[in-house]
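2 protein chains.
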Amino acid sequence: MKIGVLGAGQLGRMLALAGYPLDMTFSFYDTSGAPSAGLGKIYSDPANTQAELEAFLAEVDVVTYEFEHLPLSLTQAIESKKPLHPSSESIRVCQNRAEEKKLFGELGIPTPAYRIAESAAELEAAARELGCPVVAKSNTEGYDGKGQAVLRTPEEAQSAWDSIRHPKLVVESFVNFSRELSIIAVRSVNGEIAIYPMAENNHQGGILRYSIAPAPRLDAAKETLARDYIHRLIERLGHVGVLTLELFETEDGLLANEMAPRVHNSGHWTQNGSPTSQFENHLRAIAGLPLGDCSAYRPTCMINLIGQTGKKEDILELPYTHLHLYGKEERPGRKVGHINILADSYEELAERVKACATRIPGIAPFIASINQD
Amino acid sequence: MKIGVLGAGQLGRMLALAGYPLDMTFSFYDTSGAPSAGLGKIYSDPANTQAELEAFLAEVDVVTYEFEHLPLSLTQAIESKKPLHPSSESIRVCQNRAEEKKLFGELGIPTPAYRIAESAAELEAAARELGCPVVAKSNTEGYDGKGQAVLRTPEEAQSAWDSIRHPKLVVESFVNFSRELSIIAVRSVNGEIAIYPMAENNHQGGILRYSIAPAPRLDAAKETLARDYIHRLIERLGHVGVLTLELFETEDGLLANEMAPRVHNSGHWTQNGSPTSQFENHLRAIAGLPLGDCSAYRPTCMINLIGQTGKKEDILELPYTHLHLYGKEERPGRKVGHINILADSYEELAERVKACATRIPGIAPFIASINQD
Numbered sequence: 001m002k003i004g005v006l007g008a009g010q011l012g013r014m015l016a017l018a019g020y021p022l023d024m025t026f027s028f029y030d031t032s033g034a035p036s037a038g039l040g041k042i043y044s045d046p047a048n049t050q051a052e053l054e055a056f057l058a059e060v061d062v063v064t065y066e067f068e069h070l071p072l073s074l075t076q077a078i079e080s081k082k083p084l085h086p087s088s089e090s091i092r093v094c095q096n097r098a099e100e101k102k103l104f105g106e107l108g109i110p111t112p113a114y115r116i117a118e119s120a121a122e123l124e125a126a127a128r129e130l131g132c133p134v135v136a137k138s139n140t141e142g143y144d145g146k147g148q149a150v151l152r153t154p155e156e157a158q159s160a161w162d163s164i165r166h167p168k169l170v171v172e173s174f175v176n177f178s179r180e181l182s183i184i185a186v187r188s189v190n191g192e193i194a195i196y197p198m199a200e201n202n203h204q205g206g207i208l209r210y211s212i213a214p215a216p217r218l219d220a221a222k223e224t225l226a227r228d229y230i231h232r233l234i235e236r237l238g239h240v241g242v243l244t245l246e247l248f249e250t251e252d253g254l255l256a257n258e259m260a261p262r263v264h265n266s267g268h269w270t271q272n273g274s275p276t277s278q279f280e281n282h283l284r285a286i287a288g289l290p291l292g293d294c295s296a297y298r299p300t301c302m303i304n305l306i307g308q309t310g311k312k313e314d315i316l317e318l319p320y321t322h323l324h325l326y327g328k329e330e331r332p333g334r335k336v337g338h339i340n341i342l343a344d345s346y347e348e349l350a351e352r353v354k355a356c357a358t359r360i361p362g363i364a365p366f367i368a369s370i371n372q373d
Numbered sequence: 374m375k376i377g378v379l380g381a382g383q384l385g386r387m388l389a390l391a392g393y394p395l396d397m398t399f400s401f402y403d404t405s406g407a408p409s410a411g412l413g414k415i416y417s418d419p420a421n422t423q424a425e426l427e428a429f430l431a432e433v434d435v436v437t438y439e440f441e442h443l444p445l446s447l448t449q450a451i452e453s454k455k456p457l458h459p460s461s462e463s464i465r466v467c468q469n470r471a472e473e474k475k476l477f478g479e480l481g482i483p484t485p486a487y488r489i490a491e492s493a494a495e496l497e498a499a500a501r502e503l504g505c506p507v508v509a510k511s512n513t514e515g516y517d518g519k520g521q522a523v524l525r526t527p528e529e530a531q532s533a534w535d536s537i538r539h540p541k542l543v544v545e546s547f548v549n550f551s552r553e554l555s556i557i558a559v560r561s562v563n564g565e566i567a568i569y570p571m572a573e574n575n576h577q578g579g580i581l582r583y584s585i586a587p588a589p590r591l592d593a594a595k596e597t598l599a600r601d602y603i604h605r606l607i608e609r610l611g612h613v614g615v616l617t618l619e620l621f622e623t624e625d626g627l628l629a630n631e632m633a634p635r636v637h638n639s640g641h642w643t644q645n646g647s648p649t650s651q652f653e654n655h656l657r658a659i660a661g662l663p664l665g666d667c668s669a670y671r672p673t674c675m676i677n678l679i680g681q682t683g684k685k686e687d688i689l690e691l692p693y694t695h696l697h698l699y700g701k702e703e704r705p706g707r708k709v710g711h712i713n714i715l716a717d718s719y720e721e722l723a724e725r726v727k728a729c730a731t732r733i734p735g736i737a738p739f740i741a742s743i744n745q746d
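Sequence order for the protein chains is E and S.
First residue of the first sequence? That's 1 in this note's numbering, and the numbers climb one at a time after it.
First residue of the second sequence? That's 374 in this note's numbering, and the numbers climb one at a time after it.
Errors might be hidden in some of the hints.
[Unchecked claim] Heads up, simulated BS3-like pairs for lysine-lysine below, C-alpha to C-alpha not over 30 Å straight-line:
hint, chain 1, residue 1, chain 2, residue 2
1, E, Lys312, S, Lys414
2, S, Lys701, E, Lys41
3, E, Lys82, S, Lys414
4, E, Lys312, S, Lys455
5, E, Lys311, S, Lys414
6, S, Lys414, S, Lys708
7, S, Lys595, S, Lys475
8, S, Lys701, S, Lys685
9, E, Lys2, E, Lys41
10, S, Lys375, E, Lys41
11, E, Lys312, S, Lys454
12, E, Lys335, S, Lys414
13, S, Lys541, E, Lys311
14, E, Lys81, S, Lys684
15, E, Lys41, S, Lys541
16, E, Lys2, S, Lys454
17, S, Lys455, E, Lys328
18, S, Lys375, S, Lys595
19, E, Lys311, E, Lys354
20, S, Lys475, S, Lys541
21, E, Lys82, S, Lys701
22, S, Lys414, E, Lys41
23, E, Lys2, E, Lys81
24, S, Lys455, E, Lys41
25, S, Lys701, E, Lys81
26, S, Lys708, E, Lys2
27, S, Lys414, E, Lys2
28, S, Lys685, E, Lys2
29, S, Lys684, E, Lys328
30, E, Lys335, S, Lys375
31, S, Lys685, E, Lys41
32, E, Lys311, S, Lys455
33, E, Lys312, E, Lys328
34, E, Lys311, S, Lys684
35, E, Lys41, E, Lys328
36, E, Lys335, E, Lys146
37, S, Lys375, E, Lys328
38, S, Lys708, S, Lys375
Derived by calculation from the structure, the hints in this document are not laboratory data.
Next up, chain E with everything else stripped away, as it sits in the complex:
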């Protein structure tokens, strides 16, 4: 089976690495100017985007993507020619915070209180109604903390509006959460659904830095609830492939933050920590193959390498590290690789992660619930 991927970054690369053993081949369409996947034919000429797209589509059996901020006109045009999984409907909802929140509400999935603001004045009013602090987020195109601002007072509305520079914002009550969790599910074209254990996510500078799965000290009832939420979402969307839901854990329970219709950074632990990686399961799902076992072997931590990879030798010297580099040029704030670490217990995992982090340039100390005794 010939898989076409919209985008040619690390997610596309890791899809390809997982797919070749299933006798799949890969082509990438990415005219952004910086393809890095390096594992298949890349259609990337920015001067001939339409011709490149047609050649790409002629080459493949099924299309998927590594990035949901795609024009719907593009994805719908693709769907008229080749199967696209997940569909435009998943993209439409997941690329738009207001649509996402609406769907969460319809399905009875709690979220932080929010308002929509289409001007600085509306932003100020929303901040007053919700009570500061609030977080304003661009309705579309935001990721890794980009397109966001925190308002400590309603009077900061104009400067926040000016900094985000987007015609429509979603304004949310600031949630006093104890941690961020994510849950990843996968649904195949045949309707089969499988769900991974939840991960605990720790960010630095707005970018995911550590993910631990299964999330330590997680109440079983909360896990059941989160599984139920994502089950409702994936069924309602008729979603085919991996779907990721981010949640805040608060004193009042779980609140949905946002979702992504694709393999997700918080699921990279599955490459070494689960019998079936999220990448393999995404491909099985879109190819109509049976889904694989989503259980976790042992407590696993994923550490992102951001901006620079450091010295490979320093990481590989530690006998418990699994290094995944993306072949990307180093640049501040850019995800250039990750490390997976397994251990027999969370205590051992914390020790290993701390030891590994001392070898990673520019990383802040490991802060996670397993490390707060």
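On the provided structure of chain E, position chain S as indicated by the hints.
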């Protein structure tokens, strides 16, 4: 680092899959006419082998190979231009049964009794001296049972000679072994050595069909001895990369059969059954990186898919299968993929392997020491 691989079959492909996450890229030189690796640039024009070789060498930092039956003139010419790991010396010894046996003898590694025969008459004499049955094997170029014949009486010498069609044979006493074992070691350019647990190998039609690792019911003293043997070999050869030694387990102890200077079919279990696959460790070794953990997670069985892959769905339906297909055309006797299965115990492993084998076309029943109660 740019890795060049001589050969572009499944071993080269699996090296590439293991190497991309270490930020390596791959080129292949294979003018045999059937490259299948599919993961990098392939230099394969049979009409321009020299030009292709030069372009290939200009492209890469270091050269390795997936097949040791290479002309020494070729490998020495390569060594004059780029580092070749393992070296021509490893190839020279490992591609030649007589040289191999001589080295085993020098290092005090026991082998079956043997003679060299360079004519049908010498073969007949060897058969009389050793006592039939004997196994005659072409001195070079044999693999997967090719170039071999069993003589039940000395009188069969002429027909055996005619069938093997090779100017020099190694004639061995027929060994009444209880099983074949293999051990895989890896040595880096820095001299670091790591060794995997031994595997038990079961053949069908002269081709490896099942490998189980760690080899069940293995006497610890025998494992220690085998580790010592391969340690001597890898040091003496100054070998860089993976080295595989096949051994017979007999009532009198372990007897060395043959070795291969490369990643080996009996090490494919390491892809899912060990923290570091043999492919990754081979690459770490030739790139001068620290070697990875060679331990086994749990009892693991590798099942070869030979001639045909069967239906992917049938295999993937079983939640404990890891499928590795090679993207090769199906053809009788050809290795087209393998499946790795892990389990918590050998008993569970035997059950799983038996269940899986019912879904593999053309496979004979699972016969292994864990299945003989």
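Quick rundown of the hints versus the structure:
no. : hint                : result
1   : Lys312/E / Lys414/S : 25 Å, holds
2   : Lys701/S / Lys41/E  : 19 Å, holds
3   : Lys82/E / Lys414/S  : 28 Å, holds
4   : Lys312/E / Lys455/S : 23 Å, holds
5   : Lys311/E / Lys414/S : 27 Å, holds
6   : Lys414/S / Lys708/S : 23 Å, holds
7   : Lys595/S / Lys475/S : 22 Å, holds
8   : Lys701/S / Lys685/S : 14 Å, holds
9   : Lys2/E / Lys41/E    : 11 Å, holds
10  : Lys375/S / Lys41/E  : 19 Å, holds
11  : Lys312/E / Lys454/S : 26 Å, holds
12  : Lys335/E / Lys414/S : 26 Å, holds
13  : Lys541/S / Lys311/E : 50 Å, violated
14  : Lys81/E / Lys684/S  : 27 Å, holds
15  : Lys41/E / Lys541/S  : 47 Å, violated
16  : Lys2/E / Lys454/S   : 38 Å, violated
17  : Lys455/S / Lys328/E : 26 Å, holds
18  : Lys375/S / Lys595/S : 39 Å, violated
19  : Lys311/E / Lys354/E : 17 Å, holds
20  : Lys475/S / Lys541/S : 15 Å, holds
21  : Lys82/E / Lys701/S  : 26 Å, holds
22  : Lys414/S / Lys41/E  : 11 Å, holds
23  : Lys2/E / Lys81/E    : 15 Å, holds
24  : Lys455/S / Lys41/E  : 28 Å, holds
25  : Lys701/S / Lys81/E  : 29 Å, holds
26  : Lys708/S / Lys2/E   : 22 Å, holds
27  : Lys414/S / Lys2/E   : 19 Å, holds
28  : Lys685/S / Lys2/E   : 15 Å, holds
29  : Lys684/S / Lys328/E : 37 Å, violated
30  : Lys335/E / Lys375/S : 22 Å, holds
31  : Lys685/S / Lys41/E  : 25 Å, holds
32  : Lys311/E / Lys455/S : 24 Å, holds
33  : Lys312/E / Lys328/E : 14 Å, holds
34  : Lys311/E / Lys684/S : 43 Å, violated
35  : Lys41/E / Lys328/E  : 17 Å, holds
36  : Lys335/E / Lys146/E : 14 Å, holds
37  : Lys375/S / Lys328/E : 15 Å, holds
38  : Lys708/S / Lys375/S : 27 Å, holds
Consistency note: the structure conflicts with the earlier hints numbered 13, 15, 16, 18, 29 and 34.
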